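Listed below, chain by chain, are the residues.
Protein chains: 4
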Amino acid sequence: MAAKLKTAILGATGYSGLELTRILERHPRVEKPLLLQRPSDGANGNTGNGALHLEEIFPELSGNGEYPLHVLSWRELKRQGVELLFLATPHEASRALAPEVIAQGLRVIDLSGAWRLKQERHRAIYGFADADEARAATLMEQAIYGLPELNADCIKKAQLVANPGCYATSVILALAPLLSAGVIDREHGIISDSKSGVSGAGKSPTARTHFVAVADNLSAYSVFEHRHLGEIAEQLGLKDEQMTFTPHLLPIPRGILSTIYLRLNRAMSGAEIEQCLREFYAQKNWVRVFPAMKLPQLRFSLHTNYCDLGFCLADDCRRLVMVSCLDNLLKGAAGQAVQNMNWMFGWDEREGLQ
Amino acid sequence: MAAKLKTAILGATGYSGLELTRILERHPRVEKPLLLQRPSDGANGNTGNGALHLEEIFPELSGNGEYPLHVLSWRELKRQGVELLFLATPHEASRALAPEVIAQGLRVIDLSGAWRLKQERHRAIYGFADADEARAATLMEQAIYGLPELNADCIKKAQLVANPGCYATSVILALAPLLSAGVIDREHGIISDSKSGVSGAGKSPTARTHFVAVADNLSAYSVFEHRHLGEIAEQLGLKDEQMTFTPHLLPIPRGILSTIYLRLNRAMSGAEIEQCLREFYAQKNWVRVFPAMKLPQLRFSLHTNYCDLGFCLADDCRRLVMVSCLDNLLKGAAGQAVQNMNWMFGWDEREGLQ
Amino acid sequence: MAAKLKTAILGATGYSGLELTRILERHPRVEKPLLLQRPSDGANGNTGNGALHLEEIFPELSGNGEYPLHVLSWRELKRQGVELLFLATPHEASRALAPEVIAQGLRVIDLSGAWRLKQERHRAIYGFADADEARAATLMEQAIYGLPELNADCIKKAQLVANPGCYATSVILALAPLLSAGVIDREHGIISDSKSGVSGAGKSPTARTHFVAVADNLSAYSVFEHRHLGEIAEQLGLKDEQMTFTPHLLPIPRGILSTIYLRLNRAMSGAEIEQCLREFYAQKNWVRVFPAMKLPQLRFSLHTNYCDLGFCLADDCRRLVMVSCLDNLLKGAAGQAVQNMNWMFGWDEREGLQ
Amino acid sequence: MAAKLKTAILGATGYSGLELTRILERHPRVEKPLLLQRPSDGANGNTGNGALHLEEIFPELSGNGEYPLHVLSWRELKRQGVELLFLATPHEASRALAPEVIAQGLRVIDLSGAWRLKQERHRAIYGFADADEARAATLMEQAIYGLPELNADCIKKAQLVANPGCYATSVILALAPLLSAGVIDREHGIISDSKSGVSGAGKSPTARTHFVAVADNLSAYSVFEHRHLGEIAEQLGLKDEQMTFTPHLLPIPRGILSTIYLRLNRAMSGAEIEQCLREFYAQKNWVRVFPAMKLPQLRFSLHTNYCDLGFCLADDCRRLVMVSCLDNLLKGAAGQAVQNMNWMFGWDEREGLQ
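Residue numbers (numbering that gives the first Met the number 0), protein chains in the order written: chain L, 0 to 353; chain R, 0 to 353; chain H, 0 to 353; chain V, 0 to 353.
Chain L with its partners taken away, still in its complex shape:
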């Protein structure tokens, strides 16, 4: 058997980083990942004079060896033979770091939004101030949007994979088959009413993520202006005004359910639609298509890498409601990152994810 791949994670102290750590340490083709922190992260949680350990932040990791965090050092990465670096860092940090990582010869899977958007009109969404604009622009061209169900061929050869947003994954996977089949009335407009658990908002304590603010509550936010809207439109080839996207904050720790509304441009039967979805995902392992009129529930996909798809069709055979569910930390983040890794290194896309 071939030697195992050496990987590193920058940003393992966040929710996605923790999940990634857990998946990689059980992945049969990968060594236990090297955990890195940015020099500036040193103070956070480091209670002693030694190195910070991840199991101090997440005691649930204990009992399984040690998880020391090392300060990022190119020399050390090379010495250890690391070939792949996962960036589980804030958007700005990923934007600043990725060019350097590529220059050092490593391959990168970036879980942030830094490299997902290619179209000029979307430049302003994150408003990055790139130190070297030319280099950033070039890398932007090369970055591959890491949705394996759509882009596996490009992902295989990618140097930089931009791991999709959690909401975006749920919406794109639902719509891709029917858009690809040309049966959606784009001019009518498509709506995704999406609901996410709180881990999607990150680990920083804020007034929004306080337990008392979230429990027994539901709220819509960033209507018409959520950043994932750009990804969705780009990947699906929609004009911005053809897609309405409303995220909501659910009183649950994890999981996304998107309820998607669209109009078919011709009358179709439930069987036709189901067939369209099934054919599109025939060889894909991580999308489960439910029978017509049977809807997935959010919890079915929790703690898995699946995106679950179901739909209901109106009596008029035109109005279609789709439901798409996934675990925002797995298929919406860390799981998808590992799926991308599997493609990049030529392995079965299910490796380490079951």
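Please keep in mind that the hints were generated in silico from the structure rather than gathered at the bench. Any given hint could be a false lead.
[What the hints assert, rightly or not] The calculated SDA-like cross-link candidates involving lysine to any residue, where the alpha carbons are at most 20 angstroms apart (straight line), are:
#1 Lys-238/R x Ile-56/R
#2 Lys-202/R x Tyr-280/V
#3 Lys-293/R x Arg-226/L
#4 Lys-283/R x Leu-60/H
#5 Lys-155/V x Glu-55/V
[Claimed, not checked] Derived coverage of chain L by chain H (criterion: at least 3 residues anywhere in the stretch with Cβ under 8 angstroms from a Cβ of chain H; other residues may be distant):
#6 197-204
#7 208-214
#8 240-252
Because the structure is a prediction, the values reported are computed rather than measured. Ideal placement from N, C-alpha and C gives every residue a C-beta, glycine not left out.
Got chain L sorted already, so can you dock chains R, H and V onto it with the hints?
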């Protein structure tokens, strides 16, 4: 000061009945209500040989006197001078009982769906088998849909008020102003993606309402076929295919948030829309209009009789997202019933609800 | 009818302050309270150049007039005739402010822990550094522990009432009757295993109060060293080692349930114990004693000012388990503060709390 | 490599059965288990005329092959070479079935309470009416209490393993080391204040498990009389009156946290206690001992087979509070059953559980 009104509640053992009991016992113009059970309810929860008491089922009521449940008897109602009977009973029970109550000379507020739908095409929704079809048909004509913001004049004189559904209230109050102003593109279709807490599903334990099935979850149900769709279409004068309604079950005990999508038939500004809403509800006490682009959260309306309305308008000045929130047991049930009572007896609609 | 009392609240932007605002504005003997902020609070949430309004922080307040926040000014308090000031401020702020308020001739109800502890051995618990130690010591002597079920006579005349801690209220009210009756084996030790909703931890967003940290979780904290242990021991006349107190953080927004373990110093029957509790609380309105072997649940007391007490007795007639429940924001904070006010001004203790 | 073991599960449609199915299908030494239903279960959920499939009840299983349920047949079990049968059935069903399974030559792991209690004084706890009392009595003698940390040697050779109760596991594992070391003052009494998620109450919908009854709530139940008290006393060699056990229902789907109170019979340091725990569990893989004064939280053990133990010691060096956490469906049921299987068949106890 005038003598206080005598009322009775049939079905106080359910969630809405409990709320109604609590409101009425504090209402300044009403005596502590007479609590009734149907003869067939006798066995439920009656642990001794005496009368069942509501505080045995809901110990939270204790410390405030006694709440005996009496078997329904017309003679007794008359003897006590009861003028108004609240039916917090299942649809079928309300359908069977209301004609008799009216015949006995009492006024009725029915919290079930038995008398809400008038149009022939909606007859099948509940599929009632009326013992006396003619009498039922006549009463159907006379029954008033008890949404005071729209129908106060009719409610004042009504013998039978059909208290609206919880989802329906949230959707109708959001849409009425703009539909009335004629600015909604009806042909384009309107969508309400609605989410409700579990008390909306009633108190009977079922696989659906088991804590483990609901917690950490979200699920859509009855897509295109929920019964409240009929109410919404009738009250708003929409064709069935103009309204798409998707209810979801939220992991919270109470509260509804409806996210409503529509297209304006002309470009409008946020200020215009806000003004339209504010004017429509200018003299109404139980609708709160939020400023443009400020959305209400579900919990703001909990434990109140308010319906909260807010909206966001897209850059194209055509796509509008509205958010409507209420407490399904208050403005969506018992609170609205009391608001209806206030109108029926000529009182300020706020009495007893603050 | 006498003129209504004028009151002010310093710190209405916290959870207890909000509840207090809501109770006082409906209290029949009190004017809508004047809401105050400390000069240093100016920046928080003040989005415009005008005064901050409480309904901007808590939109659930809207529809009921305005709630402007004023900077604390003695002159203004006097001009408006304010007689009573509620301090819903952090411990240190209350400690620093109360002497000045008293000096200005106002009466004070302090919801913090600043003035609850009298005994020398407990001085270190909060570790206050008093600017004027003599004045603080004097005031410490005068301050009345505001548990009306035990101290009503002193509260009536008090200048400064120290409103009890939420946990402490639940434990003291459970134990006072049996300790007073002399039937508890103190040497054996008493244990309170207490569980609280998250609002008890305050409104500041921290890693501990992040939704993801609390949901689907339970954790014990501050074992043997929680500050309320001092109050409990002082009020009940227990030595510190006779009382073990373990608080836990529950995944709910509000409410406390304390499960209390003790040994009787003689065999007793359930009826005797029930009688002992009932007699002790015979004339008290805000304690509900449950029948022997019927335990209150946490939610029965939510949104009320009740403390609910129940118990189970072992077959050996010695081991007793008591359960005590209350709403930490009401009987555990704002409700009890109003109950104290009612006593201070000679009103029925139920006024405004029903 | 040896042929894989063939196993069967009777009762896979419950929560523990589902977890067991999931673990076994990934276990490297076991074939996908045969799923069985009792003849009487036929009607439940079987919507078609074919066999019921588990993935119809738990759609989260889909995408991973089929899970047909077969009616229990000894002939079929033999034909397929099944050697081990898991009983995830109600107490009464397990009590009636186990003798027959043993007679058929299979080994049994019973997840119910049917065979856990040996002592005469505990016979009444479940009150079984055995058809063949002599056979039941004999089997009772032979049944091994399946807590591998205490009984591994007996489990290895057992024909019938009685898988421990979830609460009992959390309490016994916490207390065994210190009781074994003889440092607990038994006469003083030990208290376990235990809190469990709702899956511990089973999948049947009842008024107690309705979402609205559980959410935002906490309640104690079965004080002094919970069935697990018998197991705890027997396994730890305690007299019944030496152990007080109070279970509570937490508003979370899964997980148990027991807060345990005891008195040492001599002054000890935290380091001594920690050492005692660490030595006791030195070679055990599924107990994690936390450092002195660092308490585990309930969620750390969720979705794992760990039991987490921590403690705090009072200043008097006598009063000890221990905290014990586990996942009631894993270490408290299905995970422990697999750990038992691993011992019964001579494998590493971690197999299939990581």
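How the hints compare with the structure:
1. Lys-238/R x Ile-56/R: violated (43 angstroms)
2. Lys-202/R x Tyr-280/V: Violated: Lys-202/R and Tyr-280/V sit about 47 angstroms apart, past 20 angstroms.
3. Lys-293/R x Arg-226/L: Holds. Lys-293/R to Arg-226/L sits at ~19 angstroms (cutoff 20 angstroms).
4. Lys-283/R x Leu-60/H: holds (17 angstroms)
5. Lys-155/V x Glu-55/V: Violated: Lys-155/V and Glu-55/V sit about 36 angstroms apart, past 20 angstroms.
6. 197-204: With 4 residues closer than 8 angstroms to chain H, the region 197-204 of chain L meets the three-residue bar; holds.
7. 208-214: holds (count 7)
8. 240-252: With 3 residues in contact (Cβ-Cβ under 8 angstroms with chain H), the coverage given for the region 240-252 of chain L holds.
When each numbered hint is compared with the structure, violations occur for hints 1, 2 and 5.
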